[in-house]
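Visitor: Sequence:
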Amino acid sequence: MNIDQARIERRGFFLFLALATIALLYISWPFAAPLLWATLAAIMFQPLNQWFLKQRYFGANRAAIATLLVITFAVILPSFLIGSAIIDQAIGVVIAFREGRIDVTDWFATIMAALPGNVQTSLDDSGFGNLGEVRDRAQEFAEESVGLIAQQALSIGGSVFGFVLAFGVGIYVTYFLLRDGKAIGESVMASVPLERSIAERLTEKFLGIVRATIKGSVVVGLVQGALGAITFWIVGVPSALLLGLLMAIASLIPALGPALIWVPAAVYLLATGEIWQGVVVIVSGVALIGMADNVLRPLLVGRDTGIPDWMILITTLGGIALIGLSGIVLGPLAAGLFLAGWAIYREQRAPANKPAAD
Numbered sequence: 009m010n011i012d013q014a015r016i017e018r019r020g021f022f023l024f025l026a027l028a029t030i031a032l033l034y035i036s037w038p039f040a041a042p043l044l045w046a047t048l049a050a051i052m053f054q055p056l057n058q059w060f061l062k063q064r065y066f067g068a069n070r071a072a073i074a075t076l077l078v079i080t081f082a083v084i085l086p087s088f089l090i091g092s093a094i095i096d097q098a099i100g101v102v103i104a105f106r107e108g109r110i111d112v113t114d115w116f117a118t119i120m121a122a123l124p125g126n127v128q129t130s131l132d133d134s135g136f137g138n139l140g141e142v143r144d145r146a147q148e149f150a151e152e153s154v155g156l157i158a159q160q161a162l163s164i165g166g167s168v169f170g171f172v173l174a175f176g177v178g179i180y181v182t183y184f185l186l187r188d189g190k191a192i193g194e195s196v197m198a199s200v201p202l203e204r205s206i207a208e209r210l211t212e213k214f215l216g217i218v219r220a221t222i223k224g225s226v227v228v229g230l231v232q233g234a235l236g237a238i239t240f241w242i243v244g245v246p247s248a249l250l251l252g253l254l255m256a257i258a259s260l261i262p263a264l265g266p267a268l269i270w271v272p273a274a275v276y277l278l279a280t281g282e283i284w285q286g287v288v289v290i291v292s293g294v295a296l297i298g299m300a301d302n303v304l305r306p307l308l309v310g311r312d313t314g315i316p317d318w319m320i321l322i323t324t325l326g327g328i329a330l331i332g333l334s335g336i337v338l339g340p341l342a343a344g345l346f347l348a349g350w351a352i353y354r355e356q357r358a359p360a361n362k363p364a365a366d
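Here this note's numbering is used: the first residue of the sequence shown is 9, the next is one more, and so on.
Quick caveat, the hints were computed from the structure, so don't treat them as lab data.
Nothing false has been slipped in among the hints.
Okay, derived cross-link-like pairs now, DSBU-like style, lysine-lysine, Cα gap no bigger than 30 Å in a straight line: (1) 190 - 223; (2) 190 - 213; (3) 223 - 213; (4) 62 - 223; (5) 213 - 62; (6) 190 - 62.
Start from the sequences and build out the full structure, keeping to the hints where you can.
Guide: If you want it as structure tokens, here you go:
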């Protein structure tokens with residue numbers, strides 16, 4: 009009777025924990041995005057916080073405040089300034105599409121007309137000369153891509169109070185995660201129903217994937233986007249910041265990446281007679297933008313995450329489609345934890361599957 013009663017009480021307690029956890033997740037869900045980015049900021053800037061802690065006159069509170077000030081002036085404010093300029097350009101491009109001042113079909117016609125006669129004849133003979141449907145698709149894709157950015161901007165502007173509230177929550181939580189992050193991490197590891205060694209390995213994998221994703225995808229993408237924006241500004245391409253943002257997003261795609269943006273731009277410039285501008289874009293795309301990934305990624309990431317490129321691509325794009333910008337990190341994170349979990353499971357089964365020695 010006592011054993012049965014103890015079992016019932018234990019199951020009841022687990023049920024209580026499950027319900028309490030679900031209730032907390034449900035209540036906190038409206039602030040899921042700021043909580044996620046606060047966690048990522050605390051993880052990425054924890055080394056800086058530890059450096060402040062080692063300095064004289066810096067306790068835990070002052071170190072966290074100093075780190076938060078660095079985050080604010082080095083990351084948040086520049087992001088707001090550049091983001092507002094990109095939003096203005098996106099809205100301007102959307103208006104130009106609606107007024108007919110930008111027509112992708114005309115761009116295709118201009119490029120086709122600039123091709124040599126024998127090339128045009130070959131395209132006509134092969135059935136690729138009539139690209140009406142392709143041009144229409146490209147027009148729709150361009151409008152939807154830029155319109156999505158403008159739509160997100162308008163949605164933020166239409167809910168200023170919600171945006172400010174979420175931003176304030178993110179800053180507030182970042183402070184406490186910087187100050188008490190290690191203690192919180194130890195408490196979580198001690199509470200999860202896993203062996204200590206497994207919890208430590210999963211935690212190490214979690215931190216490694218977060219750092220590698222931020223440095224290897226976000227930072228490298230921003231650098232490539234910045235180089236692209238500078239290049240487009242030099243050659244006089246309109247909406248250079250917007251194109252730079254699109255290039256940063258395209259950098260998430262392995263192999264092709266930013267070339268999906270700068271190659272069509274270079275082709276159009278050459279087709280319209282702007283030769284030196286097109287050459288500058290090609291040289292910058294190959295020598296600067298293309299090489300930035302090969303140079304920066306090994307320096308920033310330092311070691312492979314163990315996630316195949318094809319899985320990173322699928323999980324990143326799937327994460328963005330499912331939950332928006334946060335999917336850039338959560339997608340590869342889910343893939344990494346999936347692979348790590350199954351690797352640990354295989355290791356645990358290996359002794360049991362190993363044939364006994366004679």
